[in-house]
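For this one, chain A is given, so just place chain B on it according to the hints.
2 protein chains.
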Amino acid sequence: MTATAAYEADDSVEREISRIGAAARAAGRALGLADAATKNNALRFAAEAIRARRDDILDANAQDLAYAETRDLSAAFKDRLILTPDRIEGMAAGLEDVATFPEPVGRVLDERVRPNGLRISRVSVPLGVIGIIYESRPNVTADAGGLCMKSGNAAILRGGSDSLHSSGLIADCLREGLKRAGLPEDCVQLVRTRDRAAVGAMLRLHDFIDVIVPRGGRSLIERVMNETTIPVIAHLDGICHVYVDAAAQPQMARDIVLNAKMRRTGICGAAETLLIDRSQVAGLLPKIVDDLINAGCELRGDAAAQAVDDRVQPASEADWTTEYLDAIISVKVVDGVQDAIDHVNTCGSNHTDSIITDDMAAAEMFLAGIDSAIVMHNASTQFADGGEFGMGAEIGISTGKLHARGPVGADQLTTFKYIVRGEGQVRP
Amino acid sequence: MTATAAYEADDSVEREISRIGAAARAAGRALGLADAATKNNALRFAAEAIRARRDDILDANAQDLAYAETRDLSAAFKDRLILTPDRIEGMAAGLEDVATFPEPVGRVLDERVRPNGLRISRVSVPLGVIGIIYESRPNVTADAGGLCMKSGNAAILRGGSDSLHSSGLIADCLREGLKRAGLPEDCVQLVRTRDRAAVGAMLRLHDFIDVIVPRGGRSLIERVMNETTIPVIAHLDGICHVYVDAAAQPQMARDIVLNAKMRRTGICGAAETLLIDRSQVAGLLPKIVDDLINAGCELRGDAAAQAVDDRVQPASEADWTTEYLDAIISVKVVDGVQDAIDHVNTCGSNHTDSIITDDMAAAEMFLAGIDSAIVMHNASTQFADGGEFGMGAEIGISTGKLHARGPVGADQLTTFKYIVRGEGQVRP
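Here the protein sequences come in this chain order: A and B.
Be aware that the first sequence starts at 173, since it is given in this note's numbering, and climbs by one per residue.
Be aware that the second sequence starts at 173, since it is given in this note's numbering, and climbs by one per residue.
Next comes chain A alone, as it looks inside the complex (with noise of 0.2 Å):
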């Protein structure tokens, strides 16, 4: 049923990867052009198809496991690699979830009729041949395939080498949906090596691949950003900061703080840092103090924060451009809204921040000042989600500015071409 290669060196994974780029995109035209029906039959076959093969897949996933266990990995990446009945029943529901969604391809986004008759409409089409590069979850083949099919996209998924074998079946059933349906298998095909070098191969196929989705890590995500020049969609670093301000409401504050860092603290939009106006020191600072203490927060603050409470440990300047994605959070203390957004555009990653204040104008300085995917007046940084935003799932975040800012679902896997429609115009 899938292609399968020997890979033995770097030049024959340069050519095995050119091979997959050039079926990826003649797959994807026929993808391109197929109707919602088809391609949300796709999805649905799909699902199908992981349900069937669940023992399978749980078979494939202890081989992964047993490779895992012979090499000294943490028991956090091992819990990403572990598949349950409950996580693949969970991949199957979310295919279906994205079989509901409205069409991403062929939408009209604007149109108009020129004064010499022309008729110029700009529609959404796919990108065409998107890359995904990953680490140890093999949910991802199957949240980002089947967002791929959704777009009309050919998908090359290259996962990490430990979840092989599990993302090996996986990707057979989102290539099964797509055969039942009448598309092209070729659609969605897997780099089956656990050979790097098919990384750097991917970076450098222009021809074939239209944009590039890293999903892991920070090293991961900048060894991506530094070797292509391909363009890339990515979420660097979720640096979010909470800014209670003079004007914030006590118990609103010290809600959203504790949800927004303690929650999940392991999300991209969990706070790093709690920037507090300094006349909140006296009254408010202790009490959210306690409140994260109490919660097993570590605290890392500037004098101005150490002074409030003893527990609070010094941040040293390294601690204000830290994504913890743990139980600890940085504290400073800040002379009003200006000084907020210029600490937050220094330090910050361009990701999530929010204001807590009932001022009106600083929430607008504030909202407008911050050069961030996404700003927030009175909620948690939690919030940052595809789901939460109402955009379905969704492939990551973005933190670069270009096309895809915040949330990247199926709409952001979109591009658009212009219609001109005349009778015979020629241009004077």
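Hint data in this document are derived by calculation from the structure and do not stem from the laboratory.
Hints should not be assumed to be uniformly reliable.
As the list claims (entries may be wrong) - Here are some of the chain B residues that sit facing chain A, going by a computed Cβ distance under 8 Å:
#	residue
1	L290
2	G300
3	D382
4	R599
Given the structure is predicted, the values throughout are model-derived calculations rather than measurements.
By construction, the Cβ of each residue, glycine as well, lies at the ideal position given by its N, Cα and C atoms.
Chain B only, in chain A's frame:
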């Protein structure tokens, strides 16, 4: 009035470009928050300054031309470099025209209220800092600088070394306009050196440049695309096709082919290849060949096209992928619309392609199947132009698929942010 710097070694160039970048980032934040009236004032004041300093600009241009005389440059090159009173007035009028465009920043692109009461809007914001690398046309300084001002972006301009004096004075006028409007002059900065190392330094300036826009010949564009991992908006080639279908109206086909090729041969929307259905070879093709040859066009055809008229030269493989930008056209006989689509998608440059037919099914197949920024039905490819599209001035036509595709005007020089307004919501 303007920053000038002595550039001595590569290292000093690198430092100077970095200083320019930091100044652009800081100045751009103020510009990004400026209201429409202030930006439009800056544009109008800049136009006034250009008119007021017309004679100085002509003197500077004479210096550039004298320098050009010492080098072995083509007549076309020198023509692009020359400024006349008319061309200077054109720059001033162009800036005033941009001032009349709708405001590109602050457009609400989407708005939704979530079930939890969060109000989420997606609002257009400037990209930040745009690096523009161009060749000898000094008017690009005004055109590109003006579009950046309008769209709230700081501009780092690096013009061809041959236009250094002319571009320097024009940049001074833009800076004067910014200053008079109360905006930081450093929103527009010209790299004032002939040292080509400045281009390399710009291409590495990730921290301060958000997007690079190269304007010029293919070698410049390719260098930029190959050397930078900063996002690039560029126009690589304009290998535009006209396909004359079996169901084309003969006179319409003749008019459009002649216009698409010969109206102006040097623009990117000029047709470079004529595809014609085999059924039209006996009747229509000889007339089209006559039209083109009478207009002074050289034809290079495949065997079937050569058989029509012995003035048709043989085409080589390279002809199908050559952008002549001259009075030359390649001619290929194809078997129906799918054959035409396959040729365009293989040999084209994703720019602009047109089908001439009265068969609506063939037209829709072509419009859907061609993977180009602009696809046309019964219209001349020479309409591929921001002005003709009603978008006002353009910085170029992008043949890339990400972010901006087709004409790149002020709107395309913006990105967006999500603004989330709550009343204390935390995520469950």
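Structure versus earlier hints - violations, ascending order: Those not satisfied: there are none.
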